[in-house]
Each structure stands twice: as structure tokens, then as C-alpha cells.
Amino acid sequence: MSAIATVPEPRDEPDIGKLGMWTFLASEVLFFGGLFLAYLYGRTHWPQGWATASRRTDVVLGTLNTAVLLTSSAVVALAVACEEDAKRRRWTSRLLALTATLGVVFLVIKGVEWHADWHEHLFPGAKFALDVPGAQEFFALYFVMTGLHAVHMIVGIAVLVVLARGRDWARAGHLEIAALYWHFVDLVWIFFYPLLYLVERHG
Amino acid sequence: MADARDFHRTARMLAIAWIALLALMLTSLGSAYLKLGPWNMVAGLVIAAIKAAIVAWLFMRLREAGRLIRAVAVVGLGVWVILIALSGIDYETRSMTPAAVQRPEQLPSPRQGPPGRRS
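Note that the protein sequences, when read in sequence, are chains A and B.
At position 33 of the first sequence (counting the first as 1) the number is 33 in the numbering used here, and the numbers step up by one without a gap.
In the numbering used here, each residue's number is its place in the second sequence (first place is 1) plus 1000.
Pulled out of the complex, with its shape left as it was, chain B reads as follows:
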């Protein structure tokens, strides 16, 4: 099934992926010490996403996987994104412990009774 050439090709691909992962990790570490404001978080997460893509595509063999397995992987991720978005909207619009992104004047004080509908 797999001959020696296949093995060498796979081994080389794995080695390159491993080096890339470590290089990305060090890039991520370095970026954390630059003063980028909110972009520190973005840089960290974008680099993590690239690393995750390498692991999923090459190590977990999504590259060679059939449509059904790819669909399961995408559904897992997609449902998570939907749930995060829905829960996030819920939490970010609550008056209890408002987030920094919420303007205080939008919200009634908790002492004035339950929050009414915003118009």
C-alpha cells in the first residue's frame, strides 16, 4: 500500500510541520512582548489558529479525509461558534456587571428595579 517513497514524503512533511509549529510558537511568544494593545490578543489567537490548522490538516489528516469526516469537523466548530455568539450576546447585554464595551448610561441602575426594555 505505502512504499518507501510515500513514507519518506510523509516523514518530511511531518518534520516541516513540526518545525513550523515550533517557529509559530516562538513568534507568538515574541509578539506577546510587543506593545500592540488589543492586537496582542489578536496576534496570539491568529497564530494559534494557524497552528491548529496545521495540526488538523496534516497531523489529523483532514487533508486526506473524506467529505463526511470533514463535515463532522466543521459542524463541531460551527456549532461552537454559534453557541459562543448567542451566549456572548446574552452576557454582553446584561446590566449585571456590565462589560467595558457597554456604555453605562444605556443601562438602568440595578437598584431601580429590573432592567426595562431599551427603546
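Chain A extracted, bound-state conformation:
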């Protein structure tokens, strides 16, 4: 036990918190990566069903949500920059609150979209609206992808709210790590947007 205590503090080590978050995000790439593979499989095996189904997603709400999420990412990056500048530190909490609010706006828009999908019988099941092979698989994947993304959003919003309410000691070192997570959730959506909303839109 005493040997551990005498080990000197390591110098020039990378920021271990940031490294940990990046490692976690690398595993998240594989987590979401499987869904992208499922998408690739569906798109190459049921091109007709994929095309028919992906025309039924709401491109207006999808684009709006993309803009909301890109903006929230820029705002949280600005919050990190404010935290690092002593004179602007008082802005950090407000910007974090704005980011969390944009996250909630995203989820509300997503909820409206899911609600409409449900009423148009686009949720996979016995009353599914489209009679093309693969269309149901597309929507099954759509709900899994957007649902899993929404779960990540909820976690991110909770973390941002905690940091926005916290004092300086709570934010020190944690803010940039939380921001990394938020940016990653944004990154995932950046790829969802063309795949779920824009493919076959011209047809």
C-alpha cells in the first residue's frame, strides 16, 4: 500500500478525462456503427423498399432538427471558450442552459415527427402503411436509430443541466469532456440526416 503512495505524480501526461471520453466515443462509433451496417444491408438488398420508405420521412422537420443540433454544438463550443476566459466565465452557465434548451427543442420536434409517423401507420406492425418489401425494415431501423440517438440526447441534456447549475469547481475540467460527448451526438446525427431524410427525395 505504501508503495502506491510514494509513486510520484506523473508529469506531461495527457488529460486523462479527455482521453477517457475519446476512448468511450471510439466505442460509441462501433455501437452506432452496427446500425449503419444494417442500413447499408437494407439499402443494397431492398433498394425499392428503402426508396419508398425513405420518401415518407419528414424532410422539413429533419432539416430543422439538423439546424438545431448544429447550432447547439456551436453554442456549447462557445461555452467552453467562455469558461477558459476569466472575464467571460459568467456566460458559461447561460450558454450551457441554451445548449440544453436546444437539445429539448430537438427532442420536442422529434416527438412531433414520431407522433405523425405513428398516425400514418409507419411504425412497423400489422397495420404498416407501405406494401413494399423492405419498407417495414427501413422504418424499424429508423425508429431504432433515432430512438437510440434520442436516448443519447437525454443523457447529454442531463449532464449539461448539471454543469449549467454547478459552481466553478464542478465545471473545472468536466465541461470540455461533456462538450465532447455533445459534439459526438451531433456527429451521429450529421450522418443520419442524409441517410434517413435525403435519400431518394428527388424521385
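Rather than coming from a laboratory, the hints here were simulated on the basis of the structure.
Just to be clear, a hint being listed does not mean it is correct.
[Stated by the list, open to error] When the alpha-carbon atoms are kept at most 35 Å apart in a straight line, the in silico DSBU-like pairs for lysine-lysine are as follows:
1. A:87 / A:18
2. A:110 / A:127
3. A:110 / A:18
4. B:1035 / A:110
5. B:1035 / A:127
Place chain B on chain A using the hints.
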């Protein structure tokens, strides 16, 4: 550590990145309504990749990150590409629900028993 000039420079960089991201999003939206055939998908994904690079490089600060963090980011992406490639090869060469890219005559009918080796 960071003086006012640094902050202004960072804020301006973030603002430009944000505008670029929205402009790319609208470009992506516009490209979806052009009849480009398979290039619609390519355009969508290339624009998404540019947006992802902006977010990772500027917002997630890979630009300022050390080699170790960059390596972790690249390994995450690299392992994903390898797994997609290996799984993709597996799925694309199965006789069950063949893909459009597979020529049907290459594959035995499922009723004739298990698929043999192709020579």
C-alpha cells in the same frame, strides 16, 4: 492563460464553422432534389463527412489535441471501417436475399441444398 484576443479569435472561428455547417446542410438538402442517381447518396455522405470533419477538428478540438487523443479518434474510426468491410463482404456474398449487385446465376437456388463453393 487565454487573453481577450484569444477569445475573440476562437469565437470568430466558431461562428464561421457554424455558418459553414448550416451552409453545407442546405447544400446537402438541395443536392437531394437533383436527379443524380447513385451520386445523390455519394453527395449526401461526402457533405456529411465534411461537416463531421469540421465538428471533430474545430468543435472537438482535434486541431489542438495531442497525438494520443488523435490516435484514439483514428482507431475508433479505423476499427469501424474494418468491421464494416468484413461484415459487408460476408453479407454481400450470401445467397440468402442476394443484393442487386450480385448476379443471380452465380448463386445456386436455396432449394438445391446448401450453397457450394464457387470455383
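Now the hints, each set against the structure:
1. A:87 / A:18: holds, 24 Å
2. A:110 / A:127: holds, 22 Å
3. A:110 / A:18: Holds, because 30 Å separates the two Cα atoms, which is no more than 35 Å.
4. B:1035 / A:110: Cα-Cα ~28 Å, so holds.
5. B:1035 / A:127: holds, 32 Å
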